[in-house]
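Student: Numbering-wise, this note's numbering puts 19 at position 20 of the sequence shown, and it's gapless, one number per residue.
Hints were generated in silico from the structure; no laboratory data involved. Quick caveat, the model's predicted, so the values are computed rather than measured. Don't be surprised by glycine CBs; every beta carbon is placed ideally from N, CA and C. Worth double-checking, as some hints may not be accurate.
Said to hold, decoys possible - Using C-beta positions, here's what the derived DEER-type ranges look like:
| id | residue 1 | residue 2 | range |
| --- | --- | --- | --- |
| 1 | 73 | 11 | 47 to 55 Å |
| 2 | 70 | 32 | 26 to 34 Å |
| 3 | 107 | 6 | 35 to 43 Å |
| 4 | 121 | 53 | 46 to 54 Å |
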Amino acid sequence: MEEVVRISGLDAETLGWYERQGLIEGAEEDPYGVRAYSPIHLRWLEFLNHLRSTGMSPADMNHYVELYRAGDSTIAARRELLEAHRELLLPRAAEFAATLRYLDWKIGFYAEREAVLARSAAASAVEA
């Protein structure tokens, strides 16, 4: 588990949560109880982490995993679930974009103020 935590960037608690929820399975366990995760597991963990970071509910994540495990006959349902979730994210994405624009403006404002103050201090030093 330590290696997958290091490689994936997930913390042990999140990885354990995924396992307890049944969202990841099939990791082989050695005689010492250490799980061995494959590259496929790592890609799956990355995908799950993206879903979780966007605020997808555990119930929806579980539903997606159930659909995935049911096979190719559920591809349309999986796509629809992801499309619906994406639609929920669009207003947040617009809010984040607006916030970033405002922060960029504010950072520029402070950079200009610093430059003005530096010029003023330099001019005062010359006069003294």
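Student: Take the hints in turn and mark each one as holding or not.
Tutor: To see whether the hints hold, each was checked on the structure:
no.: 1; hint: 73 x 11: 47 to 55 Å; verdict: 31 Å, violated
no.: 2; hint: 70 x 32: 26 to 34 Å; verdict: 31 Å, holds
no.: 3; hint: 107 x 6: 35 to 43 Å; verdict: 38 Å, holds
no.: 4; hint: 121 x 53: 46 to 54 Å; verdict: 49 Å, holds
Hint 1 from the earlier list is the only one contradicted by this structure; the remaining hints agree with it.
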